[in-house]
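Peer 1: Using the sequences and the accompanying hints, generate a full structural model.
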Amino acid sequence: MDIYRKITSSLRAKLLTMFVILTCLPLIVVGLISYHKSYNTVFNNSKAATVMLATQLATEIDNVFTDTKKLLELEKNPNVLHFLFSQTDSNLDAREILQTMSSYRQTYQYDGVLNITMINLYGRGISERKGVFQLNKNALRNPHFDYLIQNPEAVLNIPPNDPSSIDPLDGFQYKNHNIISIVSTVKQRVTHEVIGFIIIDVDDNIVKKFSDNVIIGKSGFFYVADNKGNAIFLPSKAANHTKWLENKYIASIIENKNKDYVDSSEGKPEFIVTSPSMSTGWNIVGVVPLQEIVEEANSIRQLIIISVMLSIVFAITLHFFVSTRLTRPVRILKNKMQLAASGFLEAKVVLTGTDEISDLGNSFNIMIGKIRMLLDQSIKEQQEIKKSELRALQAQINPHFLYNTLDSILWLAQSEKKDQVVQMVMALSKLFRISLSKGKDWITFEKEIEHLQSYLTIQQMRYRDILDYEIAIDSSLHSLLILKMTLQPIVENALYHGLKNKRGKGLIRITAKIEDEDNFLIVVEDNGKGITEDRLQQLRKDLMEPHTPKETGNEVSGGFGLHNVHRRIRLYYGEAYGVQVDSIEGEGTIVSIRIPCDWG
Numbered sequence: 017m018d019i020y021r022k023i024t025s026s027l028r029a030k031l032l033t034m035f036v037i038l039t040c041l042p043l044i045v046v047g048l049i050s051y052h053k054s055y056n057t058v059f060n061n062s063k064a065a066t067v068m069l070a071t072q073l074a075t076e077i078d079n080v081f082t083d084t085k086k087l088l089e090l091e092k093n094p095n096v097l098h099f100l101f102s103q104t105d106s107n108l109d110a111r112e113i114l115q116t117m118s119s120y121r122q123t124y125q126y127d128g129v130l131n132i133t134m135i136n137l138y139g140r141g142i143s144e145r146k147g148v149f150q151l152n153k154n155a156l157r158n159p160h161f162d163y164l165i166q167n168p169e170a171v172l173n174i175p176p177n178d179p180s181s182i183d184p185l186d187g188f189q190y191k192n193h194n195i196i197s198i199v200s201t202v203k204q205r206v207t208h209e210v211i212g213f214i215i216i217d218v219d220d221n222i223v224k225k226f227s228d229n230v231i232i233g234k235s236g237f238f239y240v241a242d243n244k245g246n247a248i249f250l251p252s253k254a255a256n257h258t259k260w261l262e263n264k265y266i267a268s269i270i271e272n273k274n275k276d277y278v279d280s281s282e283g284k285p286e287f288i289v290t291s292p293s294m295s296t297g298w299n300i301v302g303v304v305p306l307q308e309i310v311e312e313a314n315s316i317r318q319l320i321i322i323s324v325m326l327s328i329v330f331a332i333t334l335h336f337f338v339s340t341r342l343t344r345p346v347r348i349l350k351n352k353m354q355l356a357a358s359g360f361l362e363a364k365v366v367l368t369g370t371d372e373i374s375d376l377g378n379s380f381n382i383m384i385g386k387i388r389m390l391l392d393q394s395i396k397e398q399q400e401i402k403k404s405e406l407r408a409l410q411a412q413i414n415p416h417f418l419y420n421t422l423d424s425i426l427w428l429a430q431s432e433k434k435d436q437v438v439q440m441v442m443a444l445s446k447l448f449r450i451s452l453s454k455g456k457d458w459i460t461f462e463k464e465i466e467h468l469q470s471y472l473t474i475q476q477m478r479y480r481d482i483l484d485y486e487i488a489i490d491s492s493l494h495s496l497l498i499l500k501m502t503l504q505p506i507v508e509n510a511l512y513h514g515l516k517n518k519r520g521k522g523l524i525r526i527t528a529k530i531e532d533e534d535n536f537l538i539v540v541e542d543n544g545k546g547i548t549e550d551r552l553q554q555l556r557k558d559l560m561e562p563h564t565p566k567e568t569g570n571e572v573s574g575g576f577g578l579h580n581v582h583r584r585i586r587l588y589y590g591e592a593y594g595v596q597v598d599s600i601e602g603e604g605t606i607v608s609i610r611i612p613c614d615w616g
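By the working numbering, the letter at position 552 of the sequence shown is numbered 568, and the numbering carries on one by one without gaps.
Don't take each hint at face value.
Here are the computed distance ranges between Cβ atoms for each label pair [said to hold, decoys possible]:
| no. | residue 1 | residue 2 | range |
| --- | --- | --- | --- |
| 1 | Glu533 | Tyr512 | 23 to 29 Å |
| 2 | Lys454 | Leu361 | 39 to 45 Å |
| 3 | Val45 | Leu523 | 46 to 52 Å |
| 4 | His208 | Glu312 | 53 to 59 Å |
| 5 | Val338 | Tyr277 | 51 to 57 Å |
| 6 | Ala488 | Val36 | 47 to 53 Å |
| 7 | Gly385 | Arg519 | 42 to 48 Å |
No wet-lab data here; the hints were simulated from the structure.
Cβ atoms here follow ideal geometry from the backbone N, Cα and C, with glycine treated the same way.
Peer 2: As structure tokens, this is what we get:
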């Protein structure tokens, strides 16, 4: 858990997670939308193609039967009418009728027509194969004939598997053919009374060749069903699809006039399409597994998945290198700060670039170099030991503050608060630039205020819930020279020992004035928790000691920073100047800094 928390709390992990989310989510969304669109497009196109095939097949069958039914015009021939109306034999009429049948065949070339038969209501008939023949009237007792007598304008298309199919009336049997019988009435011209019937025997191969030769998918097929859903012509592929050959399924689809339908009743979805044949009254039924229709869409899906996965892998790899490159300078700088904070002053940051982190690294290197120089000078120049000790005390403050500030910068970066990171880095850079001041110990009061504002900007971002501040300095005082780093320790003391332990937000107020012609007074006030009377007396006593509270082991609240400033002022300006502390417990603390006026 600690390792996981450490990994996920790093800036690189945060950036990588953000980059991956911002990249992967759009890729996944685009992939899903693309798959959905392609699936619908392929599915709709496949459906439309299957429906079009069924419609085309029905049209072709209609064309064949429409052409074949032109033979029914024989019933208008006068010789045919005379033959069927009479009850006596007439060889002349018979020859003329057979000659007319032959003429029709030669004109229209009906390859699928096997025989044409005509018969009157008395059983007298004629056919191409047998010529004139006589039947018993009982042979005419067929439901189809009865129906036609009741509906003389109807034309019946009787498939070979019809239980009431008409046996060859002329006694001729077809050994190698299944017969479709096209049956119509012959009517008397004037009264329109039914006087007989015309039967055209058609080879069912003219229908089978269409359904057998049309391919849909790998295992799909077309077959022909009547208007009740009964299968009429079945291809060999239909052997494993007995469910769809049961008329109750097809009949319901036909009855509801559904052109296409997806059935999932048995777990494996199948796409069903129907198209009516207007000439026959039959229906073309297509059956194909849905998986075969969307097979191309599945291939597209696999391609999209592979593309998205490769894009995600590439994006993660790219973002890993980018996040590593972006956070590497921060990690290097942090490590060097930790070394410096531990006392290793040989640490040096080597960074390239012109961004804020590089500037911060350069400032750090300059600061560390300055610290080393001051320490070396302290060793070599014993006569300036007090001033060298002062610089060493100053050096003890900066690395720790810088380390804490960098931690805050890292935290803000991990929280993706870019503007605040930039603001804090710029404030820190300005803080160090003024702190260095090209090695000068004195700076203008204006620069000291800017230095303090940079410090307070950083601390207010870190302690925004507890810190407010006011700087009320007249611009006429800006040109005064002051020992640098005078105000920041006092304000730091007010923050850490005054406001942090107080409930709610506190206020630090900085004012300055000319006390008299020779002296300059700066006042730092806070409304923090204040100091008890005993501790206040001890603090005042410590300020008069020649050593810091840390050295004597007698540290009290806030004594270390105050003592440093007080000692520095005395070292540079003399015993008449320094820091004075006044406080009321529970109300706040006032620190007054008295220094001589130096207008440069």
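Peer 1: Work down the list of hints and note, for each, if the structure agrees.
Peer 2: Hints and how they fare:
no. : hint                        : verdict
1   : Glu533 / Tyr512: 23 to 29 Å : 36 Å, violated
2   : Lys454 / Leu361: 39 to 45 Å : 20 Å, violated
3   : Val45 / Leu523: 46 to 52 Å  : 51 Å, holds
4   : His208 / Glu312: 53 to 59 Å : 57 Å, holds
5   : Val338 / Tyr277: 51 to 57 Å : 53 Å, holds
6   : Ala488 / Val36: 47 to 53 Å  : 50 Å, holds
7   : Gly385 / Arg519: 42 to 48 Å : 43 Å, holds
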